[in-house]
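Throw the hints in and build the complete structure from the sequences for me.
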Amino acid sequence: LFLLFFFQISGDCVEMQQEMESRMDMTLPEPIELEPTTNGSVLVNLTSGTAAGITQLFVGHPFDTIKVKLQNMSSPSPGQPPMYTSAMDATRKTIAAEGVAGVYKGISAPLAAVAIFNAVLFAANGIMKDLVSRVTNTTPDQFRVRDFTICGAGAGLFVSIVATPTELIKCRLQATKDFAGPLDATKRVVANRGVVGLFKGLTPTLLREVPGNAFFFGSYEACKLALTPKGKTTLDLGSGQLMFAGGIAGLGFWSTVYPFDVIKTRIQIDSDLNPRYRGVMDCGRQLIAKEGIGALYKGIGPCLA
Numbered sequence: 001l002f003l004l005f006f007f008q009i010s011g012d013c014v015e016m017q018q019e020m021e022s023r024m025d026m027t028l029p030e031p032i033e034l035e036p037t038t039n040g041s042v043l044v045n046l047t048s049g050t051a052a053g054i055t056q057l058f059v060g061h062p063f064d065t066i067k068v069k070l071q072n073m074s075s076p077s078p079g080q081p082p083m084y085t086s087a088m089d090a091t092r093k094t095i096a097a098e099g100v101a102g103v104y105k106g107i108s109a110p111l112a113a114v115a116i117f118n119a120v121l122f123a124a125n126g127i128m129k130d131l132v133s134r135v136t137n138t139t140p141d142q143f144r145v146r147d148f149t150i151c152g153a154g155a156g157l158f159v160s161i162v163a164t165p166t167e168l169i170k171c172r173l174q175a176t177k178d179f180a181g182p183l184d185a186t187k188r189v190v191a192n193r194g195v196v197g198l199f200k201g202l203t204p205t206l207l208r209e210v211p212g213n214a215f216f217f218g219s220y221e222a223c224k225l226a227l228t229p230k231g232k233t234t235l236d237l238g239s240g241q242l243m244f245a246g247g248i249a250g251l252g253f254w255s256t257v258y259p260f261d262v263i264k265t266r267i268q269i270d271s272d273l274n275p276r277y278r279g280v281m282d283c284g285r286q287l288i289a290k291e292g293i294g295a296l297y298k299g300i301g302p303c304l305a
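Counting with our numbering, you get residues 1 to 305 for the letters of the sequence shown.
Treat the hints with care, as some may be off.
Calculated cross-link-like contacts (lysine-lysine; reagent style DSS-like; alpha-carbon spacing at most 27 Å) [as the list claims (entries may be wrong)]:
(1) Lys129 / Lys290
(2) Lys93 / Lys290
(3) Lys177 / Lys93
(4) Lys187 / Lys177
(5) Lys177 / Lys290
Calculated from the structure, these hints are not laboratory results.
This is how it looks when you write it as structure tokens:
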């Protein structure tokens, strides 16, 4: 509904501009007329995106749980073995101690927010496409890779607001056994720091989502163009080729911003009352000083998998 309202206002502005031009007898480039989004197409895109997000959660959450456990693992004392020697070791120990349900800890938080997340992503991406269309005087089917990159960065900005509280609760449930569930974790965060406490880790989330989504959407379109045969368009690509392009884009996303994800996890799991880290820079410095540069890439294996 927001998008329909946005496009209606935009259409009224175009009509006003045309009327003023005719009165002033001026010749200006005709504005691009964007095809209004219908309720049906919005519902279809939102529903399919939500279904895909739920599927992704059930398939990928176990990998995410192991990633968070490895990210939060501190260096062992001299002469002591690490808590986990590898992703497989972390998986075996988690299942042995908690059963298969252990690798799905914390899934309820992102599962509850998946529809909101997709709604924000879809709306933000639509708004960014409209803005870029008007600035470049083109339609989305004429966009260059650069234009999709800008749209991705803008979408990442909005998505971070939804992702931060969701991932805060998810990470705490995954990394510790201190909470009875998502509601208990949420109540304790609010009791300690107020509602603003739910947005702990917003800065590293922005540093991950904005450049990450810019790279994702840009590389996705670039990969589609590379796979398109001469004389055809990206609309002619099959589902296998689209999945391949999405996989390459996903690898690029995490390869470029992964250190910020590690820092985000450390800050979000950190104590609310006696925090160890004072911010992104301080967290990064402490991790490198104590564990080396490799600390910023802990858990990247299961993440890329």
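The hints, checked one at a time:
| no. | hint | result |
| --- | --- | --- |
| 1 | Lys129 / Lys290 | violated, 44 Å |
| 2 | Lys93 / Lys290 | holds, 25 Å |
| 3 | Lys177 / Lys93 | holds, 15 Å |
| 4 | Lys187 / Lys177 | holds, 16 Å |
| 5 | Lys177 / Lys290 | holds, 25 Å |
When the structure is compared with the earlier hints, a violation turns up for hint 1 alone.
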